[in-house]
Amino acid sequence: MKIHEFQAKELLSDYNVPIQRGYVVYSSNEIEKTIERVQNEFNSDAVVIKAQIHAGGRGKGGGVKFCTSTESAIDSANKILGMSLITHQTGLEGKLVNQILITEALNIEKEFYFALMFDRSKNADVFIVSKEGGVDIEEVAEKTPDKIIKAWVNNETHSLDDAVNTVIEALSLNSFKNAFEIFTNIYNCYSNSDCNLLEINPLVITEEQKIIALDAKVDIDSNALFRQEKISKFHDTSEEDPLELKASEYGLNYIKLDGNVGCMVNGAGLAMATMDIVKHHGGEPANFLDVGGAANVDTIKNGFKIILTDPNVKSVLINIFGGIVRCDRVANGVIQAVKELNLNVAVVVRLQGTNAKIAKKILDESDIELISAETIDEAAKKAVGLVS
Amino acid sequence: MSILLNEKTSILVQGITGSEGLFHSQQMLDYGSNVVCGVTPGKGGETATENNLPVFNSIEEAQKEFLIDATVIFVPPRFAANAILEAINQNIGLIVCISEGIPVRDMKKVKSALNNSSSILIGPNCPGLITAEESKIGITPGFICKKGSIGILSRSGTLTYEAIDQIVNVGLGMTTAVGIGGDPIIGSSMIDILKHFANDDETKGVVMIGEIGGSMENEAAEWIKDNFNKPVVSFIAGQTAPKGKRMGHAGAIISEGSETADAKIKILKKCGISVSKTVSEIGETMLNLIEE
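One line per chain: the protein sequences are A and B, in this order. To convert, note that position 11 of the first sequence is 150 in the numbering used here; the numbers rise steadily by one, no gaps. To convert, note that position 283 of the second sequence is 284 in the numbering used here; the numbers rise steadily by one, no gaps.
I should point out that these hints are in silico values taken from the structure, not numbers from a laboratory. Please note that the accuracy of each hint is not assured.
Okay, the calculated bits of chain A under chain B, using three or more residues with CB under 8 angstroms as the criterion [what the hints assert, rightly or not]: (1) 153-165; (2) 187-194; (3) 205-213; (4) 257-265; (5) 328-336.
Taking lysine-lysine pairs in the BS3-like style, the calculated list, with each CA pair at most 30 angstroms apart, reads [what the hints assert, rightly or not]: (6) B:Lys-271 - A:Lys-261; (7) B:Lys-205 - A:Lys-521; (8) A:Lys-521 - A:Lys-453; (9) B:Lys-205 - A:Lys-369; (10) B:Lys-110 - A:Lys-289; (11) B:Lys-112 - A:Lys-261; (12) B:Lys-109 - A:Lys-261; (13) A:Lys-418 - B:Lys-246; (14) A:Lys-418 - B:Lys-244; (15) A:Lys-289 - B:Lys-148; (16) A:Lys-356 - B:Lys-246; (17) A:Lys-141 - B:Lys-244; (18) B:Lys-148 - B:Lys-231; (19) B:Lys-205 - B:Lys-278; (20) A:Lys-520 - B:Lys-270.
Treat the numbers as computed from the prediction; the structure is a model and nothing was measured. Even for Gly, the Cβ is constructed at its ideal location relative to N, Cα and C.
All chains should be built: construct the whole structure from the sequences, respecting the hints.
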């Protein structure tokens, strides 16, 4: 689960990590007094207005403004709050800015990149840092990979010492007495908050020689939210695709894509493989949808509802491997769902596994128009053929 | 021969009184698995399944009456890591965790505990393993399996079934199928399982099914090139998956270039491994390779 910059900074602040200070504004009538408050409390005439959306690339898209006067700050804040911000991660329709963060302006001497995540191949948490901060780190990684330093936490002893010392060395922070403590605190924040990723870009050194987190991006392990009461409240449903949100309410795993062949499959791996074979036969999948292990009438009905909300869908491919779930039951579920929902798109069904033959007979003999197929290959060809 | 599991393997079920645990314990018994007892804390003294298997409060209690070779875990995700740790503590040789949704931080602890133990963990978030016509641990449908010569190893549940079905339908049959799980941190990697298949005389070839996310397939490919002499057919799911989106499995997310399906397929091919173009050609590809 992604959270906003101001929420991520709040988490860091809870662990005594110095952050660029500021306040969040949700409506335009709070703008003036909040700017004044930031100026007075943090003794900073200049302020920074930052759009709070989950997507990256906010600065390039015009969602972050450094303002040297009160007038320009008010002007920028009013422009950014409520704007539709387009970045390389939002898509062309952009993302509505529902809240902005107004912060103090700092006198920046150096900008670093900092991140903590889990390295699956080394089976250990890894610090990733670079002296090339404040820029697109993927570009740095591609053009000058030697400028990115990685330091792994010892996964036997769980001692941070070596990794943190490597980070301090890499960023030439040896003269900063509190650097060790700050990096340890960031790690504790990352670990105790069940973060998949904690990224600070940039982490800065100010002219006053202070280490400060200027930005923060955090992704939380959704499976751990049951024990993260505070973070659970950070969930911003307006940041999610409405269809994906609706699907998760049904207990379905749905991801919208750009094609026109809707896919309904049990199991994540088979669902991906089904999308792939649609593409292989010249079609474009409209979605990823995993209806889970226990496909029944309700899950299939809900799956149809979600898929068909997407106006691009011209045909639906159902691919179920019936293991514990018997295919004849799935077949009856499909027929019932199609009848109840009055579908007006072509549906291709491939059921394999327990009672697959009986299921095919049920489908072939039903009075509704369904196209049955025996193999995934045949099913995908038929589903693609119907839309081209 | 087979790997990890045969008809004699004595099995304990952790979470035997829950609905999933109970249902699948019965399915395992019906398949012929040697399930001997179960554990549910607080329910010691009860019995479960049509076979009236005894239920204990802990693995330690169960071990006073039974010799346990393997355990299978069907407990809710927030308690599952502790269930694994309990099994490690009791020196159970084979631990299979079906539960999906265990927090990554909990699995880091499990991984450290495993490093200092002799236990093998399969999963979590997996269908378990099945040795055809002998025994199954987990939720794989037994009736699709027929004895033969191909080992199967996969990160995905239903893709494992799909592969078994195709391997059986082309007439090759299978030895053991192992679903290693779709989470970012799992107990046994592809290489770990390949090592078992390498030592099994009955296994003449291996189907290895991967997906986007992580780099396990890439490491397995390099390892196969240098160490594995049996034919391998691979398939990688997720060629059409967008970057940065979690595709159902917690571990199926592309965060860098080397984690895409295309990058993995390239490395597999470079290492001389046959890659099935689509999911429907896994069986045929293996048949062609074996007949060569």
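Comparing the hints with the structure gives:
1. 153-165: violated (count 0)
2. 187-194: violated (count 0)
3. 205-213: violated (count 0)
4. 257-265: holds (count 5)
5. 328-336: holds (count 3)
6. B:Lys-271 - A:Lys-261: holds, 23 angstroms
7. B:Lys-205 - A:Lys-521: violated, 35 angstroms
8. A:Lys-521 - A:Lys-453: holds, 12 angstroms
9. B:Lys-205 - A:Lys-369: Roughly 54 angstroms between the alpha carbons, so the hint for Lys-205 of chain B and Lys-369 of chain A is violated.
10. B:Lys-110 - A:Lys-289: Answer holds: Lys-110 of chain B to Lys-289 of chain A is near 22 angstroms, not above 30 angstroms.
11. B:Lys-112 - A:Lys-261: holds, 12 angstroms
12. B:Lys-109 - A:Lys-261: Roughly 12 angstroms separates the two Cα atoms, so the pair holds.
13. A:Lys-418 - B:Lys-246: holds, 18 angstroms
14. A:Lys-418 - B:Lys-244: Since the Cα atoms of Lys-418 of chain A and Lys-244 of chain B sit roughly 17 angstroms apart, the hinted pair holds (cutoff 30 angstroms).
15. A:Lys-289 - B:Lys-148: Violated. Lys-289 of chain A to Lys-148 of chain B sits at ~47 angstroms, over the 30 angstroms cutoff.
16. A:Lys-356 - B:Lys-246: Satisfied, since the Cα-Cα distance of roughly 16 angstroms is no more than 30 angstroms.
17. A:Lys-141 - B:Lys-244: holds, 15 angstroms
18. B:Lys-148 - B:Lys-231: Roughly 18 angstroms separates the two Cα atoms, so the pair holds.
19. B:Lys-205 - B:Lys-278: Within the cut-off at roughly 22 angstroms; holds.
20. A:Lys-520 - B:Lys-270: holds, 26 angstroms
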